[in-house]
Amino acid sequence: MQGRECTALTQPADEMSKSERPNLLFRNLNAKVASIPMILTAMVVFVGGTVWTVLYSFTNSKLLPRLNFVGLDQYYRLWATPRWLISIENLLIYGAISLVFSLVIGFLLAALLDQKIRFEDTLRTIFLYPFALSFIVTGLVWQWLLNPDFGIQHVVRDLGWTSFSFDPLYNSSIVIYGISIAALWQGTGLIMCLMLAGLRGIDEDIWKAARVDGIPMWKTYLFIVIPMMRPVFITTLVIIAAGIVKVYDLVVAQTSGGPGIASEVPAKYVYDYMFFAQNLGQGFAASTMMLLSVVIVIVPWAYLEFGRRK
Amino acid sequence: MRYRFLTAALAATAALQFAGQAAATDLEVTHWWTSGGEAAAVAELAKAFDATGNHWVDGAIAGSGGTARPIMISRITGGDPMGATQFNHGRQAEELVQAGLMRDLTDVATKGKWTDVVRPKSLLDGCTIDGKIYCVPVNIHSWQWLWLSNEAFAKAGVPLPKDWNEFVAAAPALEKAGIIPLAVGGQAWQSSGAFDVLLAAVGGTDTFLKVYKDKDAKFAAGPEVAKVFKAADDARKMAKNTNVQDWNQATNLVITGKAGGQIMGDWAQGEFQVAGKTAGKDYTCLPGLGLNEVIATGGDAFYFPLLKDADKSKAQEVLAETLLDPKTQVAFNLKKGSLPVRGDVDLNAANDCMKKGLAILAKGAVIPWTDQLLSQDTQKQKEDLFAEFFAKPELTVEDAQKRFADLIASAD
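Residue numbers (this note's numbering), protein chains in the order written: chain A, 1 to 310; chain B, 311 to 722.
Please keep in mind that the hints were generated in silico from the structure rather than gathered at the bench. No false leads were mixed into what you were given.
Heads up, simulated EDC-like pairs for lysine to aspartate or glutamate below, C-alpha to C-alpha not over 20 Å straight-line:
(1) K550(B) x D167(A)
(2) K568(B) x D149(A)
(3) K702(B) x D167(A)
(4) K431(B) x D417(B)
(5) K712(B) x D526(B)
(6) K637(B) x D360(B)
(7) K520(B) x D716(B)
(8) K537(B) x D473(B)
(9) K702(B) x E89(A)
(10) K528(B) x D709(B)
(11) K550(B) x D149(A)
(12) K442(B) x D414(B)
(13) K550(B) x E476(B)
(14) K665(B) x D654(B)
(15) K537(B) x D716(B)
What the simulated footprint calls covered on chain A by chain B, stretch by stretch (three residues with Cβ under 8 Å from a Cβ of chain B suffice, anywhere in the stretch; the number is not a length):
(16) 58-65
(17) 258-265
(18) 275-289
Every residue, glycine too, gets a C-beta built ideally from N, C-alpha and C.
Use the sequences and the hints to build the structure in full.
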C-alpha cells in the first residue's frame, strides 16, 4: 500500500525527466523536498541544541542563559555532589538489570511462543499489553503494588505469612530494584515481539537442516539462530539502551526520587537543577555528561560496525 | 473600605469603556494553591476580583511550588505569559525581573500608599528590586509552628508539651501508643523546611541569620549548629514511620490523631479548619516550637508579567489593588490561615493560633525567611541534603553537618 503511494508521488518527476535529464541535485526532487523538515530538525534541533547546551554548560547561567564563562566549575561541582553520584550508580544498576533481563526474558518468551503453540495471538497480546501503558501509569500501578499497606506485602500477610516483608520502594538500599521490576514488566513485551519477528525471519530450512544433523534444539538456538539474528539484537540493544539513559518518568511516578534521594537518576537531576533550582549551567553540565556517556558507548560500537565494512 | 472598592470598580468600568468592549477582561492567574484550605482561600480572591467587573481565570497548578514554578517560569520566558502569577516573594522571580519580563508596579504602589499600609516593611523590600516594586504581597506565612494533636497526647497519656524539648521527651510514650511522634512528608522541601525551623528555634535568631544571611561556613560547622543537627537527628528518628508524601497528608495524620505533631507552616491551619477542628481544643500550636517565639515573614506574592494587551494591563492594576484591599485581605487570610500584610485591618474573627501570630508580629519578633536569603539553587541543594538526611539513618550527624557547611560556603 505504502509503496504504491510512493510511486504515485514520484510520477510527475518521471514525466519531467523525459523532456530533459535533470542534474544530480534535482534527481528525486520530491524525496529530497520531503526530507528537508527532518534534515532541518536534525541539524537545528539535535546538533544545534547539543552544541548550544555544551557551550552553556561552561557558563554560570542561572535562570536565564548567559554567556559568562566559568570554565569547568559546573563539572567540578557536579562530580562533588552526592546526589549526582547516587544517580550515576542507580543508572548503572538499572541499566545492567534492564539490559540483561529484558534481553533474556524477551528472548525466552519469544522462543517459547515460537513453538507453534495454541493461542499464540492471545498470549502475545497479553505480553505486549503493558507496553501500551505510559511509564507514568506503569509507575503508579507498581507504586500501589509495592506499597506495603495495600500491595503484595499486604496480600501475602493476609494469607497468613505475617512476617513477610516486601517493600522495596520504602527501603533506600533496594529501591532501584523496585523500579527495575516495573520497567521490566512494561518493556519486556516489546523486546519479545522484536525477538519473535527475528525468529520468524529465520528460514524454516535451517531448522530442518539442523534437525537432520541431529543438533539439539538449545544448541540450534544458541549457535545458529542467535548469530543469525544479529541485526535484530542490535536494534533491540539500541532501543533498550535509549530507554535506560532517558529513564525519568518512571522514577517520578513511583518514588519521585525517594526515599530521600535513594532512587534519583541523571535525567531527573538535569530537570531538577534546570527548573527547580533555576541553575541552567549545572543542569547543562549534567546533561552533557549524559551525552558523553552515550557517546562513549556508541562511538566504539559504530566504529566496529561501520568502520569494518569499508 | 467600601469607597476603595467602588473606585476599583469604576476604574475597571472606565477601562472597559476605553476599550469599547462590553465584555469583562479575562485575566489568567496561576498559583499552586490546591489543597482544601488553600482552594477555599483563593476562591475569595477570585470573588473579589470578579466583583470589579473583570474575570478571574483560575490557573491552579497542582503539586506544590516546586512543580508549579518551573511551569510558570517557562511560560513567562517562553513568551506565553499569564495575567498574574503567584511566587513566594524574595528571590524566586529575581532573574525574571532583571530580564525585564515583569511589570513595574511602582505607580500603583504609590497611588495605594503601599509603603504606609504594608507591614512589616521587609515584605515590600522582598518585592523591591533597584528601588522599583514588582509584586504585591498578599499574606505572611511563617514556617515556625509545631502543630500538636491533643487527641494523640491524651491517648498516649502524656501532658501536652510546651516546647520542642518536652515534645522529644514525650516521643517514646507516643510510639508505645502506636502513634508516629512527628509527621514529616516525603517531599524534600518539608524536611529541609523543618530543619530551618529547628535552626531558628533551637539555635536562635542570631544563629539562623549568621548561617543563612552572613553565610558563615565556619560557624555552620561549629558547635552552635551541631546542637541543631542533634535536634534534627531527634526529628528524623521521630518521623521514621511516616509513609506519606504530601504535606497535607502529613497534616491529616495529625488531624486524625495518628501522629503526635508536625513542624509545618501556618498554611497547615487551613487544613485543620477545613476538617472542622478548633484551635486550643482539638489541636495546639507552638510558634517557634515554643523555644524562640519568632515568625518569619515569608509568604506569597503576586507578580505581573509585562503584557502587550492594554486591557489586560489595566486589569492587572485592578487586580493588584484588589489583592491589597482590606476586605479581601481579611477574607483571604482567614481562610488561608496566614496573617494579613496590612496592620490596619480588623481581625476579630481570627482564631487562637492566628492571634498568637499577630501578637508576635506586633512585638516585631520577625526574621527574614530562606526564600529571601538564599537563591533557589542553594535551596535545592539544601533540600537534597535534608531529604537524604531524613530518609537515610546511616548518614551521620557529623557528615551531614560537614556537607551543610560546605553548602553554606558555596551558597549565594
